[in-house]
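Just so you know, the protein sequences line up as chains R and Y, in that order.
Using the numbering used here, the first residue of the first sequence is number 1, and each one after it goes up by one.
Using the numbering used here, the first residue of the second sequence is number 1001, and each one after it goes up by one.
Hints are computed from structural coordinates only; laboratory data are not their basis.
Please note: incorrect hints may appear among the correct ones.
Claimed, not checked - Think about it this way: if two alpha-carbon atoms lie no more than 30 Å apart in a straight line, the pair counts; the simulated DSS-like pairs of lysine-lysine are:
1. Y:1101 - R:13
2. Y:1101 - R:322
3. R:3 - Y:1145
4. R:5 - Y:1145
5. Y:1145 - R:322
6. R:13 - Y:1145
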Amino acid sequence: MEKRKERIDRGIKARSEDIFALSSFREMLYLLAPRAIPVIGLLGATPFLSAYWQEVFISMAVYALLAISWDLLISAGLVSLGQSLFYGVGSYLAGALNYYWDWSPLFTIPVATVFGGALCTVLLLPVLRLRGIYFAMVTLVLPLMISRLVEATRILGGTEGLTGLDPFPDQLIALWLIQLALLATLFGFRRIINSNYGLVVRGINDNDLSVMSAGLNIYWYKAQVLFLAASVGSFTGAYGTHLDMFAGMPGFALDYSIMPVASAVVGGMGTFAGPMLGAFILVPLSEILRALGALRIVFYGLFLVIFVVGLPEGLFPYMQRKYHQFERWVTIE
Amino acid sequence: MNHTFPLLKVSRLVKSFGGVMAVSSLSFNIRKGELFGIIGPNGSGKTTLVNLITGFVKPDSGEIEYRGNKITGWPPYKIVSLGIARTFQMVRPFYQLPAFKNLIIPLCSPRVKKMEGGKYGDQDAVALDLLEEVGFERDAFVSYKVASSLPQGYLKRLELAKGIALRPDLLILDELFSGLSLAEVASIVPIIEKLKFQGKTIIMIEHRLKELFRIADRVMVLNFGEKIAQGSAEEVMESEQVKKAYLGTE
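Throw the hints in and build the complete structure from the sequences for me.
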């Protein structure tokens, strides 16, 4: 006798998907709770963190933002292995504005966010026609090229970088800033991708010929998505620059490219909340494993492998399924 | 033959794929308001011709004129904005979406915005109306079902609706009837006749000759990328070359 797992949507899910949502507090709570958890969890924890854990939380939020930005690109079918391009460009832009012209972080961060996004978009514009691994290769190579260019030409401080930049007034303010940015990006991107505009973007990933035949210029859409994602990436770079009071070649480091991908794989691609969750697991894990010294990377890698093999769909889609559906075993004749 | 100004004029169009002539020096005109059938054995260049007209493939040489304007080598989105829409032979809808949501993408096109007078309006409502037009029963809520749960007949209708959604003047249907039962074809034919009655020019690529001949005004026959016959359904069937291409030489 064979058995198979049957999955059925919970009644409350079906009810609260439509206008009936407002008919009871229970149904409102059902919809509200999953969205409130990240907000309350993040903002609520902040006042109780030690200085060390404040730093860890900042790092978590930075990687979460890069991972969400990566996830937006994936939604449009663009595989990026070069999130560090966005980080590095934002970092150098904010750094240079502060170093050479003495702009305050109040202005360098917004300017670096917008112009960094635009600059990265222009840099990648010629290769937007490439798909899959070909686009990925270019994104991987570009940040490495730029950092070598900085080294060779000794512009922007060369290997020394730009040092002594203006810091944030205090670490707690920096933490609040990045957390608000993270929540705004998370909910903003989710809203965009669920709108009709987002439908077109996802359509490009799914079946670009069909979108082309619908009279839409897919490269224009891809460029817009790239700008959004690159702006978020550049924001993290500009933010990190003022946090470290330093802009330099480490901004183009491979860490900023690989961590977002790992986070998205652990958390579940295409959900935005998943990659954020992934970053919130991987970054503290890497901190905790620091005690193990050289073995750290071994355990870290082992954890990743176990996760990818055991839960290939990602943690967030798994949780989503458990929340919305119940499962039971049924026998099949 | 009346000498009306052609809506679409194709002259000496050539396209080869690595030595294989897909379309070789093909010329023909399409008149406004007619239903023009294109038939031919497998590999005769029919779908390549559609790809050439709609800008998915660039020709090696030759010209395509639409309303007197050269559109050769234009990108697909610009060609759509002129009013040429196509459907695909292989339907590949967005399976995880409800059927009507599939129409949101064409309804987001600049062409629709222009035709609606600069605004998109309630796209969901327009999508539901369009699906009813192509035979999705509104009472049975078929339009709300996810595309993956729909049978082939409905997916073909959805593909047709995607074309109609763009409010085209020239609609190119690439093997709309393939893979459908006789009953399904019979239920789609009136929809096409209605579109023609509304004044749309339609090009139909077909393998199902019997159904096509019943509704087409003129038919062109392709073989190895060349035109071997053109005229009314009866004229085409009389042609020796057509018989040879379809039945082979004895």
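Verification of the hints:
| no. | hint | verdict |
| --- | --- | --- |
| 1 | Y:1101 - R:13 | holds (20 Å) |
| 2 | Y:1101 - R:322 | holds (26 Å) |
| 3 | R:3 - Y:1145 | holds (28 Å) |
| 4 | R:5 - Y:1145 | holds (23 Å) |
| 5 | Y:1145 - R:322 | holds (23 Å) |
| 6 | R:13 - Y:1145 | holds (17 Å) |
Every hint, counting from the list given before, is met by this structure.
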